[in-house]
Amino acid sequence: MLSDESKARIERLFLHYPDKRSVLIPALFIAQEQFGYISDEAVRSVAQFLELSWNEVWAVASFYSMFFKRPVGRHVITVCMNISCMICGAKKIAEHLKAKLGINFGQTTSDGKFTLLEVECLASCGTAPVLQVNLRYHENLTPEKVDSILEELEEWKNGRLED
Amino acid sequence: MEKILTRNWGKESSHTLEVYLRDGGYEALRKALREFEPRALIDEIKKSNLRGRGGAGFPMGQKMSFVPRGTGKPVYLCVNADESEPGTFKDRYILERDPHMMIEGALIACYAIGAQQVYVYIRGEFRQQARILDGAIREAYQGGFLGRNILGNGFDLDMYWHTGAGAYICGEETGLLESLEGKKAWPRLRPPFPAVAGLYNFPTLIHNVETLACLPHIVARGGEWFAKLGVEKNGGTKIYGLSGHVREPGLYELPMGIKLRELIYQHGGGIRGGRQLKGVIPGGASCPILRAEEIDVEMDFDALQKIGSMFGTGCPVVMDETTCMVEAAYSVAKFFAHESCGQCTPCREGAEWIRKIMHRILNAQGRPDDVDHMLDLCDNIQGKTICALGDAAAMAARGFLRKFRDEFEFHVRHGRCELS
Ligand SMILES: Cc1cc2nc3c(=O)[nH]c(=O)nc-3n(C[C@H](O)[C@H](O)[C@H](O)COP(=O)(O)O)c2cc1C
Ligand code: FES
Chain V
1 MLSDESKARI
11 ERLFLHYPDK
21 RSVLIPALFI
31 AQEQFGYISD
41 EAVRSVAQFL
51 ELSWNEVWAV
61 ASFYSMFFKR
71 PVGRHVITVC
81 MNISCMICGA
91 KKIAEHLKAK
101 LGINFGQTTS
111 DGKFTLLEVE
121 CLASCGTAPV
131 LQVNLRYHEN
141 LTPEKVDSIL
151 EELEEWKNGR
161 LED
Chain H
164 MEKILTRNWG
174 KESSHTLEVY
184 LRDGGYEALR
194 KALREFEPRA
204 LIDEIKKSNL
214 RGRGGAGFPM
224 GQKMSFVPRG
234 TGKPVYLCVN
244 ADESEPGTFK
254 DRYILERDPH
264 MMIEGALIAC
274 YAIGAQQVYV
284 YIRGEFRQQA
294 RILDGAIREA
304 YQGGFLGRNI
314 LGNGFDLDMY
324 WHTGAGAYIC
334 GEETGLLESL
344 EGKKAWPRLR
354 PPFPAVAGLY
364 NFPTLIHNVE
374 TLACLPHIVA
384 RGGEWFAKLG
394 VEKNGGTKIY
404 GLSGHVREPG
414 LYELPMGIKL
424 RELIYQHGGG
434 IRGGRQLKGV
444 IPGGASCPIL
454 RAEEIDVEMD
464 FDALQKIGSM
474 FGTGCPVVMD
484 ETTCMVEAAY
494 SVAKFFAHES
504 CGQCTPCREG
514 AEWIRKIMHR
524 ILNAQGRPDD
534 VDHMLDLCDN
544 IQGKTICALG
554 DAAAMAARGF
564 LRKFRDEFEF
574 HVRHGRCELS
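So the sequences go chain by chain: V and H. Read in order, the letters of the first sequence correspond to residues 1 to 163 in this note's numbering. Read in order, the letters of the second sequence correspond to residues 164 to 583 in this note's numbering.
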């Protein structure tokens, strides 16, 4: 079930479009925030609320890479491995992250803190290499910078930084 | 050179309405509403020789004139802020540093074509940028630049932003429309063109963020003035984005038509570590790569097309002598294989085959006829798909294969890179 808050957030968006179906992508983001990922329940709830079929919603959820089909960690780290980043050291950054977190791309640490994903160009090519943590940019990366980002996230997890 | 599109970028809080208004912000809108009939406005834009900054380079004024008038149907403007072409990072900074310039441009465009509603389609990864844009839209409503009876001229306009969710194909204009309608972004067959039957099947104009940001200046200072900033048939200045192995990567606003060499060596400070240049992708990953000896070309749509490449988004990716071109080509091939939307067989299958073959060459499993096989695949993709993603995948791969064939063959023969 979508929470009342999720429903209210989706309903506010109805006003922007002549057709309710247009809110499907934003609605899936709202559902993902509530359920943590696009679970079967998330798909069913969104479908019911927007009066669409399960198939219509799943076709969209499965098409877009920012909808998680499995549970993810608290911090989703997305690393650009495209051309400008690649030639400016993204592989070294990726290897460093994998070694530090002990996981590969597509995996989540066993404590559920971090998910590491490879993504396409993040429009940050002039400040390569680059990653995002929960869609926040970190640019001009070095292994040292990656270390301090991870340290900060650990503190965050322990409740010392504002979420 | 005078900065036009980036003139506010150095100022503190440049993204706010207050700062935008300080130097004449929204005066061009006022002028457009008071002094121009919509048709005359389109004529003025035609004079500017402004060509689309999203990659295709179509003349803006001409595209505007395709939108039918007085049909009684709703008319839409969609702003393409999906910016996902590898190597390209300019729209992001317009959104971060001066969103009002784009908003004012969108307002002018809507007045010219009689649109009542704007959707800014912004890629899902731009969460921070969407927040800034959201603030700017609110300010514009509060300032009386959006909403009802704008500037007392009886002109009404609403603007909303809409998030994408991680798919390059949403930058393709009809994929964008499908996505905005809540569907997977499978591009539409044309005709009908969006200008006639676009969003919800109504007339729709689609423009890139940077293209729209040019409009306030064209209105304020005239189409001819704008045209003269650039070169023949390529008016204005451009926000070039340099990335890769240059000393000073970043954004440079310079006239259309400057030499690629000048951009790299004078503005970008040349190649890092004093190394030699090897190749440049002139305008985002879709554009065929150039060899070092080809960089005396002008950065404009026509000059680059003449030498078999493309201007694209005007954001060159610079590669020095230490770059393995097979690896670079693989990176680009992987992008297109991943981002093919899956609708057309030649693109879906062909882009993946190219990726796989490049992968095996990189892993010392290349076969003697692999290069020709890939060239053949390119011929079987290009021109055989609904949208231009297939063309881009083919042209990009063919560029690497033709310009650096030796390197591919060395890899195939020796199972390693000649640089290692
Ligand atoms: C696969 C593909 C991806 C595209 N991505 C973008 C994009 O991210 N941003 C953009 O402005 N145009 C993009 N375009 C170009 C658009 O289809 C369209 O030409 C452009 O938005 C028109 O605006 P303009 O005339 O102002 O350039 C893309 C085209 C293709 C074929
Ligand atoms: S290539 Fe990494 S941000 Fe563009």
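To be clear, the hints were calculated from the coordinates, so they are not data collected in a lab. Take the hints with a grain of salt, since some may be wrong.
With a straight-line cut-off of 35 Å between C-alpha atoms, the simulated DSBU-like cross-links for lysine-lysine are [as the list claims (entries may be wrong)]:
hint, chain 1, residue 1, chain 2, residue 2
1, V, K7, H, K519
2, H, K519, V, K69
3, H, K519, V, K91
4, H, K209, H, K194
5, V, K69, H, K236
6, H, K194, V, K92
7, H, K236, V, K20
8, H, K519, V, K100
Sample of chain V residues at the chain H side, in silico, Cβ under 10 Å [stated by the list, open to error]:
hint, residue
9, S62
10, S84
11, L101
12, I103
13, F105
14, Q107
15, T108
16, A128
17, E144
If you're wondering where the values come from, they're calculated on a predicted model, not measured in any experiment. Note that the Cβ used here is the ideal one computed from N, Cα and C, for glycine as well.
Each hint tested on the structure:
Taking the CA atoms of K7(V) and K519(H), the gap is near 44 Å; set against the 35 Å cutoff, the hint is violated. Only pairs whose Cα atoms come within 35 Å are accepted, and K519(H) paired with K69(V) is accepted, the gap being roughly 25 Å. Straight-line distance between C-alpha atoms of K519(H) and K91(V) comes to about 20 Å, which keeps the hinted pair within the 35 Å bound. Of the pairs offered as hints, the one joining K209(H) and K194(H) holds, with about 18 Å between alpha carbons and a cut-off of 35 Å not exceeded.
Among the hinted pairs, K69(V) with K236(H) is inconsistent with the structure: their alpha-carbon atoms are about 40 Å apart, more than 35 Å. Under the criterion of a C-alpha separation no larger than 35 Å, the hint pairing K194(H) with K92(V) is inconsistent with the structure, at around 53 Å. For the suggested pair K236(H) and K20(V), the alpha carbons sit about 19 Å apart, so the restraint of at most 35 Å is met. For a cut-off of 35 Å, the pair hint linking K519(H) to K100(V) stands: about 30 Å separates their Cα positions.
Annotation: interface hint on S62(V) holds; nearest CB of chain H at approximately 8 Å, less than 10 Å. At about 4 Å, the closest approach between the beta carbon of S84(V) and any beta carbon in chain H falls short of 10 Å, and the interface hint on this residue holds. Interface hint at L101(V): violated, since its Cβ lies 21 Å from the closest Cβ of chain H, which is beyond the 10 Å cut-off. A distance limit of 10 Å between C-beta atoms decides the matter here; for I103(V) the minimum to chain H is near 21 Å, and the interface restraint is violated.
A cut of 10 Å between beta carbons decides the hint on F105(V): the least distance to chain H is about 13 Å, and the hint is violated. Interface restraint check: Q107(V) against chain H, minimum CB-CB distance 18 Å, threshold 10 Å, status violated. The beta carbon of T108(V) is not positioned within 10 Å of any beta carbon in chain H (closest approach about 18 Å), and the interface hint is therefore violated. Hint status for A128(V) relative to chain H: holds, with the closest Cβ pair at about 6 Å, below 10 Å.
A least Cβ separation of about 20 Å between E144(V) and chain H goes past the 10 Å threshold, and the interface hint is therefore violated.
Figure legend: structure checked against the earlier numbered hints; hints not met, in rising order: 1, 5, 6, 11, 12, 13, 14, 15 and 17.
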